[in-house]
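Student: Which chain is which? The protein sequence lines are A and B, in order.
Sequential numbering from 1 applies to the first sequence in my numbering.
Sequential numbering from 1001 applies to the second sequence in my numbering.
I should point out that these hints are in silico values taken from the structure, not numbers from a laboratory.
No experiment lies behind these values; they were computed from the predicted model shown.
A virtual CB, placed ideally from N, CA and C, is assigned to each residue, including glycine.
Please note that a few of the clues may not be correct.
Pair ranges (Cβ atoms, derived) [what the hints assert, rightly or not]:
| # | chain 1 | residue 1 | chain 2 | residue 2 | range |
| --- | --- | --- | --- | --- | --- |
| 1 | B | 1029 | A | 42 | 49 to 57 Å |
| 2 | B | 1144 | A | 153 | 42 to 50 Å |
| 3 | B | 1016 | A | 117 | 47 to 55 Å |
| 4 | B | 1002 | A | 163 | 18 to 26 Å |
| 5 | B | 1019 | A | 153 | 16 to 24 Å |
| 6 | B | 1024 | A | 5 | 35 to 43 Å |
| 7 | A | 52 | B | 1179 | 20 to 28 Å |
| 8 | B | 1049 | A | 71 | 23 to 31 Å |
Stretch by stretch, here's where chain A covers chain B in the computed footprint (C-beta under 8 Å, at least three residues) [to be verified]:
| # | stretch |
| --- | --- |
| 9 | 1051-1061 |
| 10 | 1141-1154 |
| 11 | 1167-1181 |
| 12 | 1216-1227 |
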Amino acid sequence: MAHSEPFEDQLAALLPRLRRFAHALSRNSADADDLTQATIERALRSREQWQHGTRLDSWLYRIMRNLWIDTVRARSRREKIEAPAELADRIGEDPREAIDAAIDLQRIMDSMEQLPGEQREVVALILIEGFGYRETAEILDLPIGTVSSRLVRGRTALLAMVGEQ
Amino acid sequence: MTSDEKFFAWLDGELVGAEADELERQVAADPALQQRAAAHRALQARLSQVFDPIVAAPLPEGMQEALQQPKGEIVDFGAVKRSRDAGRNWGPPQWAAIAATLVVGIVAGAMVSQGTGAPVAVQGGKLYAAAALDDALNTQLASAPDADVRIGLTFRDRRGAICRSFTEPAASGLACRAGNRWQVRGLFAPPEGQAGPYRMAAGAGPNLAVLIDSTRAGEPFNADQERSALAAGWR
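Could you build the full structure based on these sequences and the hints that come with them?
Tutor: Printed below as a string of structure tokens:
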């Protein structure tokens, strides 16, 4: 990628992928889009901290992941227990096929939600975003062995949940 | 590394050389491991099927606005969210409906046809390369000069299928191996001013670049790898 492109253009090109990552981390699409918005805001404000010549995508994923952790912490302080909204409330009305796709997405998001956060982020980065183990270790600032062992636990638990659907 | 970690590292293409060969042999000799590999490949396919349309979907309105703010200005995301909630609700149904299963830009109808000769054929609700496009994907290397269809990058997706990007006069796109055919994953109109005697260059267009980026696992093939893949029938 040409690094002479304006920062905003590079960020814009990466937004669809970031939005997918947000969906893998969040409990529903509204939260995912809020997280994506917050990541854009933080990235624009912190752009001076990004070092040219390093990967912008890794930097943005790291920002999003950290914001997500902050959000989860804040939420667990705020709401001890929250009854999950009925699936039907979350998807509104639309043509049949779109509803099926939305339900399918929400089901998987619900399963991802059951994973401990430290496993969910590894599963999301490697199995959904397609990063390698080493790249993931760098984004999360973890030893590669930790990434590898969390991935084993996360994907095994996820398969047990998704396999039943 | 535990044996579990090693197995998954192999499955994810993280092992190389002798270690990879060893795992390959172990799995080949063990039906239980084969079954496990298949189950996890299916899980990954399911995740792709559900999450990948997000990459192809249009962004919610507020996000574009956020990027258009003057440099350094901080956006009131509360306000953006309130206006969004008041107006259109971009939940899953909307974008899922728009994204459907395939990324298709604005492409002339002549590209896709049920007749003969068209480069893309519809079958069972899916698009497959046909005619000259199919030939090019099967037989042509990226280095081939001055062909009607130009091949760009060749790489594997996360399920291990080989994918190739292409540019032909009416469109550029991406096709991935599905059985013995090339399933078209995306088709885009050529960037403005590049129709006709087009250039391949890096000018494949931003949509295609994003699709490639979100599809590929690992680096694109070099010329040698591309030749071996051709010789191996794109398995």
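Student: Run the structure past the numbered hints and jot down the numbers of the failing ones, going up.
Tutor: Hints 3, 7, 10 and 11 are the ones this structure does not satisfy, whereas the remaining hints hold.
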